[in-house]
Every structure is written in structure tokens, then in C-alpha cells.
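Engineer: Spelled out from the first residue to the last, the chains are:
There are 2 protein chains.
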Amino acid sequence: MSRYLIRAMILPMTDAQDFYPQGEIAIDGDRIVSVGERGTAPAGFNPDRVLDLTNHVVMPGLINTHTHAAMTLLRGYADDMPLMPWLQEKVWPFEDKMTPEDIYWGSSLALCEMLRSGTTTMTDMYISEEETARAVLESGTRALLSRGMIDHNKEAGNRSLQENIELFRKYHNAGDGRIKIMFGPHAPYTCSGEFLLTVKQEADKLGAGIHIHLAETESEIATIRERYGTTPLCWLEQQGILGGQIIAAHCVYLNDAELDILKRYNVGVAHNPESNMKLSSGTARIPEMLKRGIAVGLGTDGASSNNDLDMFGEMRSASFQQKLLGSPEDLKAYEVLKMATDGGATVAGLKDLGKLQPGYKADMISIDFDQPHFYPRFSIPSHLVYCARGGDVRTVIVDGKILMEDGRLLTLDEQKICREAEKRARRIASEV
Amino acid sequence: MSRYLIRAMILPMTDAQDFYPQGEIAIDGDRIVSVGERGTAPAGFNPDRVLDLTNHVVMPGLINTHTHAAMTLLRGYADDMPLMPWLQEKVWPFEDKMTPEDIYWGSSLALCEMLRSGTTTMTDMYISEEETARAVLESGTRALLSRGMIDHNKEAGNRSLQENIELFRKYHNAGDGRIKIMFGPHAPYTCSGEFLLTVKQEADKLGAGIHIHLAETESEIATIRERYGTTPLCWLEQQGILGGQIIAAHCVYLNDAELDILKRYNVGVAHNPESNMKLSSGTARIPEMLKRGIAVGLGTDGASSNNDLDMFGEMRSASFQQKLLGSPEDLKAYEVLKMATDGGATVAGLKDLGKLQPGYKADMISIDFDQPHFYPRFSIPSHLVYCARGGDVRTVIVDGKILMEDGRLLTLDEQKICREAEKRARRIASEV
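Protein sequences appear in the order of chains A and B.
For the first sequence, position 87 (counting from the first letter as 1) is numbered 87 according to my numbering, and the numbering increases by one without interruption.
For the second sequence, position 145 (counting from the first letter as 1) is numbered 145 according to my numbering, and the numbering increases by one without interruption.
Please note that the accuracy of each hint is not assured.
Said to hold, decoys possible - In silico lysine-lysine, BS3-like type, Cα no more than 25 Å apart, as pairs: (1) A:K291 x A:K205; (2) A:K205 x A:K154; (3) A:K332 x B:K90; (4) A:K205 x A:K170; (5) A:K90 x B:K332; (6) A:K401 x A:K351.
The hints are simulated quantities; they were obtained by calculation from the structure and are not laboratory data.
Note that the structure is predicted; figures quoted are calculated from it, not measured.
The shape of chain A in the complex, shown without the other chains (with noise of 0.2 Å):
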């Protein structure tokens, strides 16, 4: 464990929208000593190494609340199809013929450009999910993982449902606690209500909890309206499984009632702009979120619908979005900072995470500002939604380590790591 004193702009994301533009951090291990202007490191704080970064901003590592890593593999596979074609034609297909050992590679790929993008925390949830877990490990990033279940039938259902318990007492807390396991029930149309309540009943004895898509598409209203006569959120609520923690995925068709209801049981929102355009599937209501104070994440979605997994863009087309359809005052920069950091860790259930102030945990990224189109630097949040991208990212830290240093990965081997991911998605396009 270091001790680590940085210099550099800072935002530290705090509810004050504080701003350091000569600022200092102490970190000591994995947390966060102090947080200010120049000169405020306690006195006798004796750090191992400074990091002089000046001309970077230094913000809360990025928390990504929705995504499946290793569908990196599928990028560039189908693009620019309707829904139901581009997943039977083409993604399912080629998600049978994945190998354990596949889900390792295209996950590396995910946290290597994760990484590279700022982000630090990412919420998963996909098939093989140990072999995420190996790679969450190695990167030495943050990450909440689920078993993607759906039943099918009953025993494909319970099989998945095991798998999700092993996963849990074999990685619940590993790394130092940078992994929690979640339960990962795929999505009202995809479940049973009993088998949903089974998973809640598991995930209620570990104390875990839970990660769902809900209300994603037009087409997923109608088949609950049609199967159940009601919507996905009320039919969750009907089968009880709502309460604890829960996060919800999209949330796109959401009627009144229902935004009451997210917040009465403190569902928690990933809101996943690019994936929502790039598949036609709609506008959640973020505004109406935030005013009730749902909390909101924002979250990628897998590579295969976005293509990229670049925070910024995320954060850039959030707003974007809304603002088309809404007005220029709808989600303003810092508000969708905040989405991106501290709403994230409130959605993950992660207290110390999003901010960075004393206790809290050391996630951090820094943003070299010392390029033309962060000038003039009126507004650090303006320029950090709507003009940074992923590559503008220069350090990395997670739980107090070094993980990027000047846009070097130290963690993972990155020439490798694209080359198999290369080689294995080839592979796996010509077995389809």
C-alpha cells in the first residue's frame, strides 16, 4: 500500500460543486486522507510519490451501471439492423458458440478500454461471469458481476441460478472487496414469476442484490400487457420482488405510477443513452427521475449496441438526448456528472465511491486539459461533458493503486489481450 500526494485540478464532485484549480489529494492505501487546495495535505503526511498533474483534472473514477464486457467480442459483428432480426440473426447465434475461455478475452478487451476511458467501477451482467470475475481480478478495477439468467425452461432456470450462487461464494468481496456479486435474473419477459421469486429469495439469504433489465422496449409493454394484463415494473411489484437492492436497466417506458414506485422501493436506474438510440428503443424519463430523487446511473450497455464503451460519449448523449426532445436547461453538464460518479455509486450500492472526499475510497482518473479543445477553460464540467472523450484520459487509479499512468496500462497486457480478442471473435463468426 502507497502513499500518493497528487497535484492538479480537481472536481471533486461534492454536492457544493467545489473546484481546485491548484489542488492537492493525500491518498494513504486504498482511501482518500484529504482533498483541497494546495497545501492542504495533513501536516507529517510523508507520501511515497507525487504525482505532478498539472493541466489534468482529477475527478471520481467513472461508474459504469449497466454493460456486458465481454460482448466487446461482438462489436462491428451487426449493426444498423431492427431488433428482433440483429438478435436472432446474429447475436444469439454467435453468443452459443462463446467458450468460457472466450468471455475471459472479450472481458479483458472491455476493461482495457474501460480503463482507458476512466472508468473504474463497472456494473455486468452476462453468461460465464467467473471468467469476468478473473479478469476484474487481474485488472485490479471495480466491479459489481451477475450470472445473466433466464429460464427457458425450469432447468436451464435453476442451472443458471446455481451458477449465480457459486459465483457469489466464490468471488462475493474478492480482491480486497473490489468484487460484490449481484443476482442477475435477465428481464420480466425473460423470467417466470417463480422463478424470479426464487432468485429474490437466494439473493435475499446472501444478502445480494439484484440486477434486471425492465422496460426497455414498446415491444417488451406489450408482451407483459399481453401476458400479465400490466406493466413489467407493476407485475415486479405484484410478485414481490421489489425491495433491497435492485438495479433496473433502461427503465425507458415508465408511466407516473411507476416513477412513485422506483422510488418507494429505492430501485435504482441505469440509464444506457447510446444503446436506447442506437436500437430505436426510446427516451427514458432522466428529468422526472432525478426530481423525484430516483437514483440514476449511467450506464454502456454491451459493445455490440453502443459500440463503444466510452463514458464521456455516454455522458455527452445523455444529455444530447434529452435536450432534443426536452429543452437546452434538461440534464445540465454537472448534473450528468453527477449521474456518472456519485449517482452510479448510489446505484451500485457502494457508499465510499463517487465523490472524492476524506474516508472515501482512492478511485480516480485525471483528463489532460492541455489540449485545444478543452480552451478556453471556462467551465471544467461544461468541457467535461460535452467536449472530453475517453482517450483524453491520462491516469487511472483504483483502491488507492495505479492502474493507467500516462495512458500506459500497467495491470493488463493490452497487445496480447487485442490479439486473442481478434483471433477468438474470428474464430466464433465462422462456427455461426
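Based on these hints, arrange chain B on the given structure of chain A.
Structural biologist: Coordinates of chain B only, in the frame set by chain A:
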């Protein structure tokens, strides 16, 4: 003048959608000699230099068909505000304090950012445009420049028209033809019919085109309806302004009959998706324009309403915006790339640009594809639209001259420009 041989993956943006994974381009002076697989350079072609860009994709330089370069000085000065207070309380008072020298530095900053993100040609409209011309000449880029003209009163209108004529005399075809001068009457709602007709006559005398804002907002439609009982485009037609080269920026609110008018008069459309989203202007009917064979290019608009000048972000937003309100099949990756290259060249009236093919101008860029967000390489066009960011551009060649190599700008003093722009923007803000 030099002879270069470039080795790279090559996406020439031809109608046949060619792609050369191990390609080769021969350049002699300002022109492309050959494009194809390795070994297609003419026998006896003797390059001064071989540029080995293996693992880079080389494509035509991007064409930004609508911007106000010097507005980089307003980047982040005012955001997330309703349109009219934003203009009246922030943008216009700021612009009132800008000196010609400020315009020069603001334009230079824009050119740094454009080169860094792969834009080789811009279509610009602003005040003190001779300062922008000066910056363009120094940068080595290509530009179509026009003096933005508003006739608040007859005298102001005529003075600005004289400036535009002077600009034409001094700079048209300057820099080995890299600069073209157009005429820039601001918009139907800010110019009288009489003034527009005078401008059109002067432009015709000089053989110059016209660059104008058109049908950008619902409020513009209402104003013109109230004033003239018709739509902005129909009014322009009635005034006899259409015909000859016209670049119409925005074109958000057009009915079917107006789309037919655009087609009939060969009006080129400059589509600005990010500005249209950020200012809540609306969504232009791009797929319907393309179906009718209307020429459509992409533009960033000014940095105050975007807030960057990154055409890669603009491409992604163009596609996402259409898909959100239409279907996932709208604005496919290759169509968007065409808009940003070949479509832009057509709109700009530049006949030998926008594609890499023998005899065309040697304007091209390289994108470093050896990065995690470009793996696996299933589709180069998809990756360029959905994953690439301005910062991935490493090489820029305009008119056969290397302006950026390995991420270093060779013609502009970037450090000095950033510092000057910062200083001047602060001074202006303090004077408002």
C-alpha cells in the same frame, strides 16, 4: 512538392465501398496518383518518403460544412440555457467585444482542434473573416469562408456586403486554391428580401456561392410565417435567391414540397446534429433528403453550441439522432461516413475531394486502429462511426502536405495558440 507512398488499411469512400486491408496510396504533389492494394503504385513511382501506417486506417479528410471557427473563444462560456437568453445575454454581448485579432486566435484554436480530429476542410461563416482566412493560410487546411451578414439596417448590411466582396477579391483561390470565398447572408429572418437579392447579384457577378442558415428552429418558421405568410425556403425561392451554389445550414423544418425545392435547385444541406440536439432545435429529415438525392454534408456548427469540433462525434450523433426517432436501419455507418466526406465535398462544390482516387486532391487522414476500442475489426466503417474519436487521428495530409504527423501539428504553434485563446477569452468575458 513531395512524392509520398503511404502503406495502411485504406477506406477510399468510393461508391463501390472498396476497402484495402493492406493498401497503398501514391501521392505526387497535391494529387493522388494511385489507390489500391500493396503494389498498385505505378511502375517507376519514386517516392521521396514512404509513410508506414500499418494498423492505421487511411480515409479522406473530413469536411465540416458549417461552422463559426472563432466561436471556440465562447466554448463553455454559457451552456444549458434557453435559446433566446443564451443568445441575447451571453453570445451577442461576448461577440460585441471581440476584436479582429481575437477572431484570428479563435480561428487558429479551431484549426488546431480540427486538424487534431481529422477535419481538412471547413465551411465557415463569421465576422472579421479575413482574420480566419489568415489563420487558414498558415494552417495549411482548406476552407470556404464567408462574411456573416445581417442587415439590421441598410448601412450595416451594405458595409458587411462590401467586406464580403473585399474578402473575395483578396482571398478567393488563395493558398494554391485552398481558400474559396462564399457570401454569407445570415438567415431569412435576419436579412431583408431586398438585401438578399443584392447579395445574390454580387455573388453571381463573382461566380461565388451562398452560405445561409435555413429553417433551424420552430421560432424561425413562425417568424417568417408571420412576416411573409410562407416558409423560409419558399420565401427564398420567391425572392429569386435559389439557383447556383447554396449551402443551407440546419434545414430542420422542411415539408415534402420544400425537400423537392432543395432537390430542384441543387441546394446543399449542412446537417448539424449535435447543435440541433444541444439547443433543442429538432431533427432534420436526413434519410428522406438522402432518398431524394439531395446533397447532405455534416457540420459541427460553432463551439458554443456543440461544444467541440470533432466530426467523429458528429457522425455518431447524426446516426443516433435519426435512429432514436426512426429505426435502427436509418443512417447506416457507411452513409454517415459518406456525408462527412463525399457528401460534404458535393455540398461545398469541391469536385476533386471527398474520396481517395487517382486525380483527386491529396487530402487524407490516418486513424490509429491499434487500440482496444477498435477490436475485433469486423467492420471498419462501423468502428469509424460508432467507436472512433477525434483523438484517434494521427496523420493529416492536405493538398499533398503533411500537416500533422504522429499526433504532432507541424504548421501551427499549438501551445501559443491555446495560451493566447485563453487570455483573450478571459479578457472578453471581463469586458462584457
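Engineer: All hints, please: hold or fail.
Structural biologist: Right, here's what the structure says about each hint:
Our distance criterion of 25 Å between C-alpha atoms is broken by K291 (chain A) and K205 (chain A), whose separation comes to about 33 Å. As the CA atoms of K205 (chain A) and K154 (chain A) are separated by approximately 21 Å, the hinted pair is consistent with the 25 Å bound. Using a Cα cut-off of 25 Å, the hinted pair K332 (chain A) and K90 (chain B) holds, with the two alpha carbons roughly 17 Å apart. Between K205 (chain A) and K170 (chain A) the alpha-carbon distance is near 16 Å, which keeps this suggested pair within the 25 Å criterion.
For the proposed pair K90 (chain A) and K332 (chain B), the alpha carbon gap of about 17 Å is at most 25 Å, so the pair holds. In summary, the hint linking K401 (chain A) to K351 (chain A) is supported, as the alpha carbons are separated by about 19 Å, within the 25 Å threshold.
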